[in-house]
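Visitor: Sequence:
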Amino acid sequence: MMENCRMLIFLCYILKLITSDSVNVRLVGGHSRCAGRVEVLHRGQWGTVCDDGWDLADAAVVCRELDCGEPVDALRDAHFGQGSGTIWMSAVLCFGSESTLVYCRSKGWGKHECNHSKDAGVICSEVRLVGDSHCSGRLEILHNQTWMSVCAAAFDQQDAEVVCRELDCGAPVQVLGAAAFGKGDTQMWTQEIQCRGNESQIYVCPTSLPHKYNCSDDIVAGLVCADRVNVRLVGGHSRCVGRVEVLHRGQWGTVCEAGWDMADAAVVCRELDCGEPVDALANAHLMGAAHFGPGLETIWMNYVVCTGSESTLKNCGSYGKVGQGCGPYGDAGVICSEVQLVGGSRCSGRLEILHNQTWMSVCDAVFDQQDAEVVCRELDCGAPVQVLGAAAFGKGDAQMWTQEIQCRGNESQIHLCPTLPSHENNCLHDNDVGLMCADRVNVRLVNGSSRCAGRVEVLHRGSGPIWMGMTFCTGSESTLKNCGSYGWGIHTCNHSEDAGVNCSDHNYSRLIIGPHLCSGRLEIYYNQTWMSVCDAVFDQQDAEVVCRELDCGAPVQVLGAAAFGKGDAQMWTQEIQCRGNESRIHLCPISPSNENNCLHDNDVGVMCSGYTDLRLVNGSDSCSGRVERQYFSKWGTVCDACWDMRAASVLCRQLNCGIAVSVVGSDWFGEGSAEIWADVFDCDGNETKLSECSISSWSRAECSHSRDVGVICSNSSLALHDGLVRLSGERQCEGEVEVFIHQVWRRVLLDSWSLTESSVVCRQLGCGSVLNFYGSSSSSPEHSHECVTGFQCSGSEAHLGNCSSPQTLNCSSTQQLSITCIGRGSIRLVGSGGDCAGRLEVFHSGSWGTVCDDSWDIKDAHVVCRQLQCGVALSNQQVPAWFGPGSGPIWLDEVECEGNETSLWSCSSPVWGKHDCQHKEDVGVVCSGKHIF
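Numbering-wise (the working numbering), the sequence shown opens with residue 746 and increments by one.
Hints in this document: simulated from the structure, not taken from any laboratory.
Note that the structure is predicted; figures quoted are calculated from it, not measured.
Hints may contain errors.
[Said to hold, decoys possible] Capping the alpha-carbon separation at 25 Å, the derived lysine to aspartate or glutamate pairs in DMTMM-like fashion look like this:
no.	residue 1	residue 2
1	K928	E815
2	K856	E843
3	K1140	D1018
4	K1604	D1113
5	K852	D1429
6	K856	D1496
7	K1659	E1641
8	K1604	E1666
9	K1434	E1289
10	K1665	D1599
11	K1434	E1420
12	K1604	E1118
13	K1311	E1294
14	K1604	D1018
15	K852	E810
16	K1659	D1602
17	K1665	E858
18	K1604	E1641
19	K852	D818
20	K1140	D1113
21	K856	E815
22	K1665	E1641
23	K1659	E1639
24	K1140	D1175
25	K1604	E1420
26	K1434	D1661
27	K1665	E1639
28	K1140	E1118
29	K1659	E1542
30	K1140	E1021
31	K928	D901
32	K928	D812
33	K852	D822
34	K928	E843
[As the list claims (entries may be wrong)] Label pairs and their calculated CB-CB ranges:
no.	residue 1	residue 2	range
35	H1487	Q1560	46 to 56 Å
36	G1127	S878	27 to 37 Å
37	K1140	N1342	42 to 52 Å
38	N943	N1155	13 to 23 Å
39	Q1560	G1415	33 to 43 Å
Backbone N, C-alpha and C define an ideal beta-carbon position, used for all residues, glycine too.
Construct the entire structure; sequences and hints are all you get.
Guide: Shown next as structure tokens:
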């Protein structure tokens, strides 16, 4: 019934989205409907948007939704006056392509840390150029909610100055009439525009009625602007190398190098027409020493996040406020290639060199093998394979480079090679030189069983160092070097933390488009091609082999009729004749089949049981013991930092052992001796198998056998062990406390109970720390005469049975103990405008407090990011109060995590509130974020 209700609500929501024509955003307080304070409609009520993280990408979505042209500015600090009522959105993150603001990410409806002094605003252009590019086309002006073409006779050079400025397109190049960009189908604007030329927007210019004009569609105005570039590189040897500076509000400012990577550099190089990125220079490890020297006072962008496909750096997302300082970091820098190969691929094609801001073809007579060595190296394409003349990749249409290039072959870039005048001044495009490089792979897997398994190593400027830390890929990148990271060589690792990968390409089968790696449409690798398999040639014995090859356990079901969708690969139609005991599918015999006309309607799918087996060992029975799981045919233990009560509940259910009663440490069932599997399980608690739970990360730190986790399920005899605890509430981590004493479950009286005992109960149940405890009247008559009191704990015990023995008595008091544990969600990051960066605050004893930065390191930050489901830690902000000093108590100090814990509460620290700190030492954390990128 509940599922039906949820589905009905979902369908109603989708129907509303499909049928609604209303706009859910408006701009208030400006001169028109295209400028003002941003307000969004939610639940029938208009509310404002907090300016935390508000930028031009967000403003672009608003302007598009309102059909108001391009964004001119994204304004903060209640520029259009303070709104009233609800603040609906905060920490908005748009990629710029969303159709409506409500599709952008945010903290959630009504969730914020703002007041109306931080209401966001937008100014849209109300003018646009249609038909060619953003900066050239037929002129249209927005008037009375309608776009109108402009009569060429009513528009002149001064008006053009304003339009180009408003569109951030530099100076006007040419004003065109006679419908140079085509006839519009809009109404005609015939009022004479009388700009002086220095106005910021066209609506500021006065107008007058032009009785002398009888304008038709044949004479609409067109305009070509210079398309000014809003980014530049300063301090290098050319315009394609240097410190990154961006133009905003008519002022140049720098970009903070925090989080600066190759994806960001690629956008800059593309915007400047400077070829491919060679390096993204960031020098956080030099504590502020910018590679190209210190830049301007204003820092316009901080924590830039580009996908790599943006047309301009200003369209990339960024964290922090405009003009915010850069802390210990320096200014970002970029080196672009200044050489490119055209007409083939990135690593093969016609050679062009950038000279005096112009790309030039190169005459084959002035280019040799040594020069080719340098070009291939500069493009990160390995060694040259062949130098080709006679326009092998087609004739270019650029100017011709005819100077003799005299590289020795060991230079890092072509501009470092000397040149001499050449006699080939009459070289034609018939002689354009072309080049084929090896297209070297810049990543390898080392010390594994094949080239598809092993330690990950990337090639950058040679070899040896740890090149990448905090790597973040969207999954669509063509090379690992294009993924986000914290910059080349910037890390807090040693080689004991080197990353490793096992790929499936050395397998001959795979399952795709399924809910996980062990379920999906079957494809077989044959003749270097992945092929779909016809369901008529595949049976249960074949499935046994596929599941075994993929280390996915046993087959659950073989599905035909394209159960996992139709493929688009070639079709495998030969009969597969496995006996069922083969280790790989390619070892099975095959024979011709009559199913040569099999279509993708008959693609076969396979569901395997999962790639692990599970057991409880060293307990009194099969339903209690140390948790061990099988991975790649090896049994290993599970670290207690990677496990909680939800995971235990799923395990007990899977083993037909009832429900989880307790999660215990190695002092119960002893230490294991084999592998330690440190997957961090993220279960909801209602899954039927542990393989259905998502795995949030793999441990980045050692986890010793002293932390092997154990579980006691309700069907175990140990479930009737003194000191076991359960909470009888509606939610997992709250309710009336029951303790198993003398073979009976007993209520606990509020008398003599304290926060110390409460903390032990929450820890024992895997529920974090205590939020509060209180007295309540018993609602269960069966326990009315069986109570206990007198527990005395130090607070460090793993379970209540380790505390001093209590007294049993009749329940004469009506005040029986209830506890609410915090569980998850008891930490937050504040002060940055987003959920995944800011000052760390923890909730304890009914109030939020801060954490002192004494002993704080990147491992502690990793745990915080994992607990908040914010990816990995990009930065461990040890600058005093980087995100501002907090207020209230300082709850934690000297926190020590190994880095693989599921929550901060699994880390060691002194007792709550014990510290020698001030708020100027409040720690901050910057995470990669689960939605970027």
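Visitor: Output the numbers, in ascending order, of every earlier hint that fails for this structure.
Guide: Hints 4, 6, 12, 14, 21, 26, 34, 35 and 38 not satisfied by this model.
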